[in-house]
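Chain residues, written in single-letter form:
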Amino acid sequence: MLQEIHRNTQKLVPLVHNITNYVTANDCANITLACGGSPIMADDILEVEEVTAMSNALVINTGTLNERTVKAMFVAGRKANELELPVILDPVGVGATRLRSDTIMNLMKEVYFSVIRGNSSEIRAITGNGNTRGVDASLKEQITDVTVDEAIELAKWTSKRTGAVIVITGRIDLIADHDKVCLIRNGHPMMSRVTGTGCMLTSMIGSFCGANPDKLYEACISAVCAMGMAGEYAYEKIMERNEGTASYRQYIIDFISKMDDSLIEKGAKLEMR
Amino acid sequence: MLQEIHRNTQKLVPLVHNITNYVTANDCANITLACGGSPIMADDILEVEEVTAMSNALVINTGTLNERTVKAMFVAGRKANELELPVILDPVGVGATRLRSDTIMNLMKEVYFSVIRGNSSEIRAITGNGNTRGVDASLKEQITDVTVDEAIELAKWTSKRTGAVIVITGRIDLIADHDKVCLIRNGHPMMSRVTGTGCMLTSMIGSFCGANPDKLYEACISAVCAMGMAGEYAYEKIMERNEGTASYRQYIIDFISKMDDSLIEKGAKLEMR
Amino acid sequence: MLQEIHRNTQKLVPLVHNITNYVTANDCANITLACGGSPIMADDILEVEEVTAMSNALVINTGTLNERTVKAMFVAGRKANELELPVILDPVGVGATRLRSDTIMNLMKEVYFSVIRGNSSEIRAITGNGNTRGVDASLKEQITDVTVDEAIELAKWTSKRTGAVIVITGRIDLIADHDKVCLIRNGHPMMSRVTGTGCMLTSMIGSFCGANPDKLYEACISAVCAMGMAGEYAYEKIMERNEGTASYRQYIIDFISKMDDSLIEKGAKLEMR
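Order-wise, the sequence lines are chains A, B and C. Counting in the UniProt record's numbering, the first sequence runs from 1 upward without gaps. Counting in the UniProt record's numbering, the second sequence runs from 1 upward without gaps. Counting in the UniProt record's numbering, the third sequence runs from 1 upward without gaps.
Rather than coming from a laboratory, the hints here were simulated on the basis of the structure. Because the structure is a prediction, the values reported are computed rather than measured. Keep in mind that the hints are not guaranteed to be accurate.
Here are some, though not all, of the chain A residues that point toward chain B, as calculated from beta-carbon distances under 10 angstroms [as the list claims (entries may be wrong)]: (1) Tyr22; (2) Ala25; (3) Thr64; (4) Thr97; (5) Lys109; (6) Val194; (7) Thr245; (8) Ala246; (9) Gly267.
Using N, Cα and C, we set each Cβ at its ideal position, and we do this for glycine too.
Can you make the complete structure from the sequences, with help from the hints?
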């Protein structure tokens with residue numbers, strides 16, 4: 001599956017419109033290129049409709065939203081819906097402030113999202129439960145073997161209610177599409193010590209969905225899996241070389257850019273439920 | 001001292017609200033995570049009060065200020081004062097333009113800053129002397145053994161007048177808190193060939209102060225010292241590997257993320273005056 | 001030539017005002033420092049005139065333009081013209097949206113540009129021909145040995161019409177100044193798998209032109225050549241070390257920061273026509 005999703009992405013080179021934050025925009029653009037897509041970042045209301053219209057997918061990330069860019073998110077989201085393009089939401093910090101919660105709740109009312117990716121507390125927040133502390137995955141809020149059944153129910157319920165594939169990332173990653181659920185046990189705790197691993201994953205999901213619009217669930221599984229394997233690879237690399245978190249980030253993108261059939265599938269730790 | 005400040009930071013994982021520039025925001029977020037903090041970047045006036053209210057410290061950096069974000073700086077600064085949180089100012093480019101000078105002078109009138117960090121010309125500019133050429137530390141403006149006594153007087157005077165711990169970075173770094181002064185001779189000239197080493201230091205000061213609100217002077221010394229040692233470590237690493245300034249930046253963050261008791265204190269070149 | 005241009009840059013340390021995008025701003029700042037310049041990023045209409053006035057060159061890059069920053073581009077551009085500073089335009093995505101096309105066409109009417117750098121489709125678009133797909137150089141739109149004569153005519157014609165040195169980058173790079181043309185065959189296809197190699201080159205051109213205002217054509221050739229050699233060097237380095245595109249980006253900047261006489265000129269693949 002991962003191989004096919006990835007090959008389609010490399011063949012089509014989907015153009016992915018990102019309305020995203022200025023903290024991780026460079027990493028998002030680079031991982032989009034690394035996984036086979038082509039990024040375009042544009043957030044002015046005067047041009048987002050046109051940019052979305054020429055793209056294969058739209059990614060909306062609320063990391064550093066402001067009044068100006070929020071308006072552009074609505075316009076671009078509606079255009080993508082009109083054109084039936086995959087729209088991916090990364091509700092960064094939902095629950096943390098009224099601006100973020102209102103924006104994301106209203107976006108979810110007015111725009112149909114194909115995929116919503118967040119950490120456990122963000123996904124709880126978009127369902128109206130829980131609040132968020134900052135933007136980084138807190139360890140105690142992560143899915144563990146103890147809390148996994150509860151998380152599965154939350155994800156299934158949210159998927160049915162929103163119609164979106166729900167991706168919850170954390171120590172265990174979980175992808176739910178209505179009643180289908182996939183758990184992924186790839187990745188490494190060090191991923192939470194680098195800013196933007198979540199944003200980068202969301203942009204990669206955008207590329208994979210843009211190139212595989214009829215296989216969104218599989219595209220999400222593939223992207224999460226690839227990112228997890230990248231986290232494992234990068235950890236080995238920095239241990240070997242006695243390096244730290246900045247090198248770690250670099251090797252994550254390096255891995256994604258080098259992914260080929262020999263790297264893929266053999267390392268995937270998937271559990272379909 | 002450095003050990004204790006650092007351990008407290010890793011234990012508390014302070015949330016640090018950064019209103020900063022889009023040039024170095026990613027590096028600031030990553031060094032915050034590397035040193036044990038948790039970053040949140042938010043600059044819209046509709047949410048900065050809430051973000052500051054859930055944070056342990058606020059960092060205001062004027063690197064790419066604009067009318068919109070300037071307003072948010074005032075609102076967030078006042079909120080932090082109300083909650084008695086440490087507020088750290090990085091007056092990037094003060095003296096270079098009227099917008100920067102006016103913004104920073106007015107911020108200093110309306111907001112009480114716990115720490116102000118800049119290069120020598122920026123600190124002179126906030127006292128009403130001198131002008132700034134761009135945003136990078138010019139070599140001739142740096143503190144040297146010849147000019148150190150003058151710089152100490154400037155820093156002490158500015159600290160007394162503002163009530164803030166004053167951090168002047170350059171070839172020699174200087175931390176002043178009223179009559180206490182610490183000189184630090186760590187670091188490497190190559191640090192000025194990477195953008196954002198100053199911004200990163202300011203964000204690290206934010207993390208250390210957020211976790212050690214009763215030891216701001218010590219927190220500043222520790223952050224400056226850690227950054228200086230990171231600069232030395234990174235220099236050795238690129239010489240070993242025949243690399244350049246981009247790798248240098250990476251190893252600075254790597255070092256901060258790997259700091260532990262064995263790396264700390266033994267390399268510190270402190271002189272208390 | 002490259003040696004002299006580069007030495008002048010290192011000697012003068014030109015201050016380069018960049019009004020640029022938030023995706024690649026960090027890389028642009030770092031390559032500016034790496035090649036010997038000093039970057040200042042400022043895009044608020046209240047300060048751009050002052051920033052331009054203290055700079056040696058102005059770079060305008062439309063990567064993530066918005067209504068606010070577009071206004072600043074006009075103001076800064078006019079100021080630079082008044083002061084006879086080199087102004088370099090990187091018309092990112094011209095032809096892709098009405099906002100970009102209108103902005104760039106109007107900028108070209110009201111501001112005299114010393115240098116315009118883009119990929120083949122962007123340069124076609126500023127002449128009123130062709131449209132752009134996203135912001136990354138599409139392979140089929142690149143200059144090859146088959147299309148080189150057509151590209152030379154386009155570049156000469158555009159140079160005469162605009163008065164600017166025209167730099168078209170792609171598999172073959174081309175610099176045209178009225179009737180003079182230089183082809184450069186340095187570089188590596190992997191450069192298109194990293195975001196911002198074009199933006200970085202434009203910022204480096206800004207530094208070289210800022211330090212060599214009487215030799216703009218030579219400054220452009222030198223910058224393109226240096227970037228191409230950096231791309232070759234970085235490719236060797238990642239092959240040696242089995243790394244990917246993120247490391248590739250890093251080694252490009254590393255190379256520029258280490259350039260010295262022994263690295264320069266011997267690798268240049270220039271053809272003057």
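Do the hints match the structure? See the list:
no., hint, verdict
1, Tyr22, "4 angstroms, holds"
2, Ala25, "8 angstroms, holds"
3, Thr64, "6 angstroms, holds"
4, Thr97, "4 angstroms, holds"
5, Lys109, "19 angstroms, violated"
6, Val194, "7 angstroms, holds"
7, Thr245, "4 angstroms, holds"
8, Ala246, "4 angstroms, holds"
9, Gly267, "25 angstroms, violated"
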